[in-house]
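Here the protein sequences line up with chains A and B, keeping their order.
Note that numbering that gives the first Met the number 0 has the first sequence beginning at 0, numbered continuously upward.
Note that numbering that gives the first Met the number 0 has the second sequence beginning at 0, numbered continuously upward.
These aren't lab readings, by the way, just hints derived from the structure by calculation.
Be aware that one or more of the hints could be misleading.
To be verified - Simulated pairs of lysine to aspartate or glutamate, EDC-like, Cα-Cα distance not exceeding 20 Å:
id	chain 1	residue 1	chain 2	residue 2
1	B	Lys75	A	Asp64
2	B	Lys7	B	Asp222
3	B	Lys82	A	Asp45
As the list claims (entries may be wrong) - Far from chain A by the CB rule (all over 12 Å, computed), these chain B residues:
id	residue
4	Lys99
5	Asp112
6	Asn153
7	Ala154
8	Arg213
9	Asp219
10	Glu225
To be verified - Some chain A residues close to chain B (C-beta under 10 Å, calculated; not the full set):
id	residue
11	Asn42
12	Glu50
13	Asp52
14	Leu53
Here the structure is a predicted model, which is why all the values come from computation and not from measurement.
Think of the CB as a built atom: it goes at the ideal place given N, C-alpha and C, for glycine as much as any other residue.
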Amino acid sequence: MYFDSIAKIISERTGNDISTIKPESRIIDLGIDSLDTVELLMNLEDEIGMEIDLDEKVDTIDDLDKFIQKKVANQG
Amino acid sequence: MNENKSLKGKTAVVTGGSRGIGEAISLRLASLGANIAIIYAGNEEAANKVCSKCIEEYKVEAKTYKLDVSDFNAVKETVALIKKDFGTVHILVNNAGITKDNLIAMMKEEDFDAVMDTNLKGAFNMIRHLSGLFIRNREGCIINISSVSALLGNAGQCNYSASKAGLIALTKSVARELSSKGVRCNAIAPGFIVTAMTEDQADNPLLEHIPLKRMGSVEDVADAVEYLVFASYVTGDVLKVDGGIAM
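With the hints as extra help, turn the sequences into a complete structure.
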């Protein structure tokens with residue numbers, strides 16, 4: 000449910016065409032390293048409306064999306 | 000003031016910032032124009048004094064925060080508070096440290112743990128919770144106050160010297176991890192510095208071996224902090240401020 004926001008940020012950041020970013024895309028293959036993911040998450044904070052600590056490894060965009068959803072659910 | 004040597008608009012967090020070396024570091028950074036978040040463990044009066052001096056003498060913003068740096072969640076909450084109060088953070092000085100000296104044959108488990116928790120885990124906790132801000136800002140300067148006892152060892156301080164050696168390894172790993180984001184991390188290894196904490200070191204036989212023939216002052220350490228804050232091509236380094244004792 001955060002896929003579109005994540006894809007948009009990654010596309011702006013890396014120059015990848017947004018249509019090439021899929022839920023199953025591996026984050027590392029898009030040119031985003033794990034520290035970039037921390038940064039990306041911080042940039043999503045305003046949209047999500049809460050701070051999210053990236054405290055587990057996420058491999059694909061879908062993993063990241065599910066991770067955020069889980070965190071938001073736990074918080075609410 | 001030299002235009003390049005200004006920290007105006009920057010915010011610095013100094014742990015153990017109310018007394019001794021930390022006090023000198025807080026005041027030095029304030030004198031360079033940085034806003035200061037002073038973290039202290041217990042001495043509120045001393046913290047308030049440093050805070051007032053920052054505000055009145057150096058005309059910067061300053062606040063005090065009572066915090067046990069060894070408490071992971073408490074650090075998280077205080078960092079959130081600092082972020083709210085100052086907007087962001089640019090400089091972190093992990094200076095908070097305690098000693099519980101004893102010979103290893105007699106050292107209590109809790110005295111080992113307490114020193115590790117404050118000196119090493121405390122620095123981890125601070126970096127852990129501030130690193131997101133630094134990464135996002137693509138700017139950050141972390142300075143960990145280690146000790147020459149980490150390099151030389153010091154009889155009676157196996158806990159302290161181990162915690163300070165841990166800080167050096169922490170410094171180098173963090174420097175490697177965050178360098179691509181423009182975040183630098185360095186350590187300072189002070190030798191014998193005149194403070195309340197080193198009063199009981201007055202008869203340490205190592206003192207005779209200081210090439211520069213004197214104990215250091217807190218200002219000597221503040222000089223090193225000032226250097227590292229502006230040393231934009233230096234990361235992962237351990238800067239000794241020790242009168243030459245550990246060369």
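Check whether the Cα positions of Lys75(B) and Asp64(A) lie no farther apart than 20 Å. violated (24 Å)
Take a quick look at whether Lys82(B) and Asp45(A) sit within 20 Å of each other, Cα to Cα. holds (15 Å)
Is it the case that Ala154(B) keeps its Cβ farther than 12 Å from each residue Cβ in chain A? holds (40 Å)
Restraint satisfaction for Leu53(A) [CB to CB of chain B, less than 10 Å]: Where the cut-off is 10 Å and the nearest Cβ of chain B is about 8 Å from Leu53(A), the hint holds.
Under 10 Å, Cβ to Cβ, is where Glu50(A) needs to be relative to chain B, so tell me if that hint holds or is violated. This hint holds: Glu50(A) lies near chain B, its Cβ roughly 8 Å from the closest one there, short of 10 Å.
Any CB of chain B closer than 10 Å to the CB of Asn42(A)? holds (7 Å)
Lys99(B) clear of chain A by more than 12 Å, beta carbon to beta carbon? holds (31 Å)
Is Arg213(B) truly not at the interface, in the sense that its beta carbon sits beyond 12 Å from all beta carbons of chain A? The assertion about Arg213(B) holds, with a minimum of 43 Å to chain A.
Regarding the assertion that Glu225(B) does not contact chain A, is the least Cβ-Cβ distance greater than 12 Å? The assertion about Glu225(B) holds, with a minimum of 28 Å to chain A.
Since Asn153(B) was said not to touch the interface, does its Cβ keep a gap of more than 12 Å from each Cβ of chain A? holds (36 Å)
Agreement of Lys7(B) and Asp222(B) with the hint, judged by alpha carbon distance not exceeding 20 Å: holds (18 Å)
Take the shortest C-beta to C-beta distance between Asp52(A) and chain B; is it under 10 Å? With Cβ-Cβ at 8 Å, under 10 Å, it holds.
In the structure shown, a violation is registered for the earlier hint numbered 1 alone.
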